[in-house]
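Work the whole structure out from these sequences, hints included.
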Amino acid sequence: RLDSQAAMAYSESSIDGLLEKFELAAQRQQANKNSTVRLRAAEGDLLKCAEICRNELHSAVAGDKDLLDKVFGGTCERFFRFKNVLTEVTFSDMYKNDPRWQHLTDVIDAIEEVLKGRGAFKVGAVGTKSISGLRYKNFPTRFSPGQLVSHKPEYDGSAATGFEIEGTLPEGLTFNKSNGEIRGKIPTRAYVEEASLTVKCSNPAGTDSVSLTFSVGAPPPESVVYDLPEVIYSQEEVNWIPKVEGGTPAEYFIEPALPEGLKFNSITGVISGTPVTEQEPVEYTVRGSNKTGTCATPFTFGVSQAPPVGLKYDDMPTQCSRGSVIRLNPKLTLQSSLTNIEHYQPLPGMTFSVEPPLPESFKISDKTGVITGQAVDVVPPTIFTITAQNASGSTSFPLQFSVVLKAPKNLDYPQINGELFTGKAVTLTPEVEGGVTEWICSPNLPAGLEFDSKNGVIHGVPREVTEVTSYTITAKNPDGETSFTVELAVALAPPSGLAYPQQQPVYPYLVPTNLHPTVDGKVEKFSIKPQLPAGLELDPLTGVISGTPSDVTGDIKYIVTASNATGSTSYPFNFAVKVMSPTNLRFPGLDNLYYVGEAVTITPEVEGGATEWMIEPALPAGLKMDPKSGIIKGKPTKVAPEPEQGYVVTATNEAGGESEVITFQITAPAPAGLVYNGATDFTVGTEVESEPTIKSGVACTWSIVPDLPEGLVLNSDTGVITGTPTVVTETTDYTVTAKNVTGSTSAAVSFSTSEGYEYNNINHNYAEFIESVTDIADIGDEPDRKLFYGNWMVWMVHRAWLNDATLDYFDFTNAQMPPGETEPRVAPKLMKAMEHNTVITSLMLNNSNMNLKQGVELAKSLQVNKTLKILNVENNYLDSNAIKDCALALTENKESALEQWRFNGQKGVGEFFGRPVEEAVGNMAHANKKIVKLGFSCADAHWNDVVARSLIRNTDLARRARKGNHGDDKDAVPAVQKSLSKVTLLDVPPTAVWEHFDIEDAKLTVARKYVGTQKRIPTKEQLQSYAKAQSQPLKFSEVGPLFKLFRTQMLNSAKDTQVAIADAYSDETIGELRGWKEQNERFNFDLWPSEDVRLDYALAKQPVIECSDAFAAWMMNT
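In the working numbering, the protein residues as written are 1 to 1118.
Calculated directly from the structure, the hints in this document are not laboratory data. Among these hints, one or two may not hold up.
Stated by the list, open to error - Simulated restraints, written as ranges between beta carbons of each label pair:
1. A250 with K1077: 22 to 30 Å
2. K1077 with A62: 55 to 63 Å
3. K409 with P229: 55 to 63 Å
4. F769 with T387: 17 to 25 Å
5. E230 with A1113: 53 to 61 Å
6. E230 with T141: 40 to 48 Å
7. E113 with Q645: 39 to 47 Å
8. S272 with T1057: 48 to 56 Å
9. A62 with T141: 16 to 24 Å
To be verified - In silico EDC-like pairs for lysine to aspartate or glutamate, Cα to Cα no more than 20 Å straight-line:
10. K978 with D1096
11. K624 with E605
12. K263 with E283
13. K894 with E835
14. K65 with D106
15. K1055 with D987
16. K243 with E260
17. K1028 with E654
18. K291 with E1091
19. K933 with D811
20. K363 with D377
21. K1101 with D1063
22. K929 with E892
23. K177 with E23
24. K869 with E691
25. K982 with D811
26. K200 with D227
27. K869 with E821
28. K1035 with E1068
29. K963 with E691
30. K1020 with D626
From a predicted model like this one, the values you see are computed outputs, not experimental measurements. Ideal Cβ placement from N, Cα and C applies to all residues, glycine included.
In structure tokens:
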């Protein structure tokens, strides 16, 4: 420490140490001229250093004069180093009259007088050698971004008395005029073209200079190499990542163009995709370049046609009943340089043949290998050899089957146990030997149960109590029939599984609360013992506990009972009512941006509750805060003058308070990017809903010309077209306009209204032709829906199968698809197509005759589909199990893009699907962050609350996404999105503490001490308690702003240093923190583990922020 050095006898080395610290403090003062806070801290530090130097030198003047001669005399180098700093530094108004600087100046002047009096001030005396050979050894011609720099000059001759520089140093570097040192750190993303500097060095005997030429930038790339396999096959996915020597390229180029199916990423240089056709070897040249240079690397590859090495048909029964319909899809395996891959799609150049020929009623497509037909004639057991062949090879599969005369027999429903319960979903599937073409049930099943005449499945949710009744089920085919008698009774299910999942052990006094139950079965009455605290009540019909507790109570055990005529179930739980200080104040629905005229509702959440709310400064015109609830509502009336304004919200009750800083901007962009994606034809008598999407601009007034058909209306606030058309119209062009205070935009919408179309039989010759098409360009014109509705459906489904790039809206609304059991080329094929389709974003299957089996197939597609955004399967024949499977599939598919899912009104099921489905849908909605609309009725109060809250959250996220990132530049290195849980600051910053924190601010010092001792950022409550213990109490309104300021300064100090960031699974990555941002407690951290890898960690609340021992020690520095 400087003060400990001052107490020691001085020497040449101790004075050199003082000089070095004095000069460094002066450099920092010069470097912080543009920051008032940092400049004030730097000047205070420099004056403290000047005071220590003055005390030491004052002792020297009064002490041994021979020692003074030895240290400061002769060439007087040390004297002039002090003199240069004193001459060059100018202070701000705050410190310009500080006496400590003048005191040091007086001592230096006194040293000069003593030396002159003793004849030791020999500047320019005989023997002083002129400076020559000035040089900076190993001074680079190029600095790298992020590089630490320290270069001192060397020269011949007597000591220099000063240095000067002509020209501009790169950002981050400083020049010491006393010793000529160039030091500092180049910013991470700095770039400077080649530039020159001149440094001059002088003493009384003469001057010398040196010219320095340099640039700043990443090193140029030297080579770009791809590790290619020996053989590259068509239809094999590739992902070739370049290996780069030298600097990382900012962009890549390739010549000539790659084969069809392969893509070249000009930012990363990655070659990816699936080559479609074979190609002779071609030489390609890849060039990688950045601002400092370019390299070019040639490489050669061709594409060979992959030979088939495996073929199978999974779904073929060994024995078919006469009359049964089949459609068999091949699974073809192609040879690969890595792992052999199964293909389900038709492949160019592949042909299929069969030996012996298939029976007359069956056909195989020679292009796709699909086998279709209906078993008409008896066929003995036969092995048919199917061969797949292309120019590179062939493979075969032995397909064995027979067609027999076989009446159905041994019909049974093994899952029946006799008694069913109301509200409990049921699916009873028959087992039968032989093919069935018709199912009959007599009499009709109890209300809520449905009998599927296509497959004999009994499904639904019983709604009414019934006595034991016999039902005769008959299974028929052309060769006979069989029957089975089912005895069923429906009883009222006693309630079970009562729980209050969101119950807490303590509830805050005078804060409204809602507690929703979950229970299985019909409940006629809810009751509770003992009586709830004053202000709370139990709804006897719903079981919801709600109200505002107005009495403080201890911990009391309550028992809620749910009962009906059959039985009851109970749930015991304990809770107390206490006065609780507000903590963890947050605004989860707050946006960073609001528009003039937009309806705004910002609702706070705070643990412990609050009775009074305040906000400073005043909100923008049009917005107000409710002082009792803290809710901010209104419509902004004008653009805010500041780009972004911060507001301090303070929530208090009789036990304490809490504050939080929120920020948002008010703007008014003109609407743009208006699009309607919807059907081109609506059916008379069928409900219509067509929603617009708009890139920017809200708070619009909507209009349309000409008028819509009778029965349809445009919502002037939302732009949604709804209603039920009542008249037939020709295709008409409409113009929809959205207008706000800044501007307007329009979109063209064209559609007709018709009476709908009746299904007619599919022409099998046409269907076989469509099935043979492997290239969407060959599919032909759209069939006339009025005349050939069946053919039109086959044509549409095959477009989906081939991934038609123009088919993003698939609409089978009111299209009665033929049963999958008799026509596999429509509904079953469509469900399978959605597994691999990457184009369709809207799948409209409302009232389209979907059955149970298609529900299961749809769930499999939803498990892997990443493109579909809107799905409507209302008013079909799906049961509770099918809906549950779909919900579970969406929960599992983390990459699903689905935003809207409507599935209400399934025929035979009734209004509700049962508690297992409601639980599955609730868990899916909670886990999924994209779904904003669910067409779904939920009886369970708890799961209905979970779904509602999840949709509100997702709607907030979607709204923010629509508002954000307009006009942002694309990043040179794309970031990989990551979840976030913890940040650990590892490295000590290269700068002083006072350059980031005002060390004279007592409140910030308290926060620094907390981190220095605890090695983590405190919560606001911990900071307030710690400050009180340190005799530095904080007001409630001070805590939030102080906490946010300190957190910002601490994280800013860690920029461009090494940190460790853990994701939600505690998987930790170490890298350089290039940046971070926070707005309204939504965090992003920009981490670079290497120059070509970038990770964007995000969390909608503050992560755990910790630091290393070394960082904590740095925080304690003064």
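Structure-based check of all given hints:
In this structure, A250 and K1077 meet the distance hint of 22 to 30 Å, their C-beta atoms being roughly 23 Å apart. The hinted range of 55 to 63 Å is satisfied by K1077 and A62, whose Cβ atoms lie roughly 57 Å apart. Restraint check, K409 to P229: a C-beta distance of roughly 56 Å satisfies the suggested window 55 to 63 Å. One distance hint, 17 to 25 Å for the beta-carbon pair F769 and T387, holds here, with the actual separation near 22 Å.
Under the hint 53 to 61 Å, the C-beta atoms of E230 and A1113, about 56 Å apart, fit the expected range. Restraint check, E230 to T141: a C-beta distance of roughly 43 Å satisfies the suggested window 40 to 48 Å. At roughly 59 Å, the beta carbons of E113 and Q645 sit outside the given window of 39 to 47 Å. A C-beta distance of roughly 34 Å is found between S272 and T1057, which places it outside the suggested range of 48 to 56 Å.
For the pair A62 and T141, the beta carbons lie near 51 Å from each other, so the given range of 16 to 24 Å is not met. As the CA atoms of K978 and D1096 are separated by approximately 6 Å, the hinted pair is consistent with the 20 Å bound. Only pairs whose Cα atoms come within 20 Å are accepted, and K624 paired with E605 is accepted, the gap being roughly 17 Å. For the proposed pair K263 and E283, the alpha carbon gap of about 16 Å is at most 20 Å, so the pair holds.
Note on K894 and E835: the hinted pairing holds, with a Cα-Cα distance of about 15 Å set against a maximum of 20 Å. For the given pair, K65 sits about 18 Å from D106 by alpha-carbon distance, which is consistent with the 20 Å threshold. For the hint linking K1055 to D987, the alpha-carbon distance of about 10 Å falls within 20 Å, and the restraint holds. Between K243 and E260, the direct Cα distance comes to roughly 24 Å. Violation of the 20 Å bound is thereby established for this hinted pair.
Taken as a hint, the K1028 and E654 pair is honoured in the structure, with Cα atoms around 19 Å apart against an allowance of 20 Å. A C-alpha spacing of about 15 Å is found between K291 and E1091, which places the hinted pair at or below 20 Å, so the restraint holds. Note on K933 and D811: the hinted pairing holds, with a Cα-Cα distance of about 19 Å set against a maximum of 20 Å. With a CA separation close to 14 Å, the supplied pair K363 and D377 stays within the 20 Å bound.
With a C-alpha separation of about 13 Å, the suggested pair K1101 and D1063 falls inside the 20 Å cut-off, and the hint holds. As the CA atoms of K929 and E892 are separated by approximately 13 Å, the hinted pair is consistent with the 20 Å bound. Proposed proximity of K177 and E23 is supported: the alpha carbons are some 9 Å apart, at most 20 Å. Annotation: proposed proximity of K869 to E691 holds, straight-line Cα distance about 13 Å (limit 20 Å).
As the CA atoms of K982 and D811 are separated by approximately 46 Å, the hinted pair breaks the 20 Å bound. As the CA atoms of K200 and D227 are separated by approximately 52 Å, the hinted pair breaks the 20 Å bound. Taking the CA atoms of K869 and E821, the gap is about 28 Å. The hint is violated against a cut of 20 Å. Between K1035 and E1068 the CA atoms are separated by roughly 37 Å; this puts the pair beyond 20 Å, and the hint is violated.
Annotation: proposed proximity of K963 to E691 holds, straight-line Cα distance about 18 Å (limit 20 Å). Between K1020 and D626 the CA atoms are separated by roughly 24 Å; this puts the pair beyond 20 Å, and the hint is violated.
This entry does not satisfy hints 7, 8, 9, 16, 25, 26, 27, 28, 30, going by the numbered hints stated previously.
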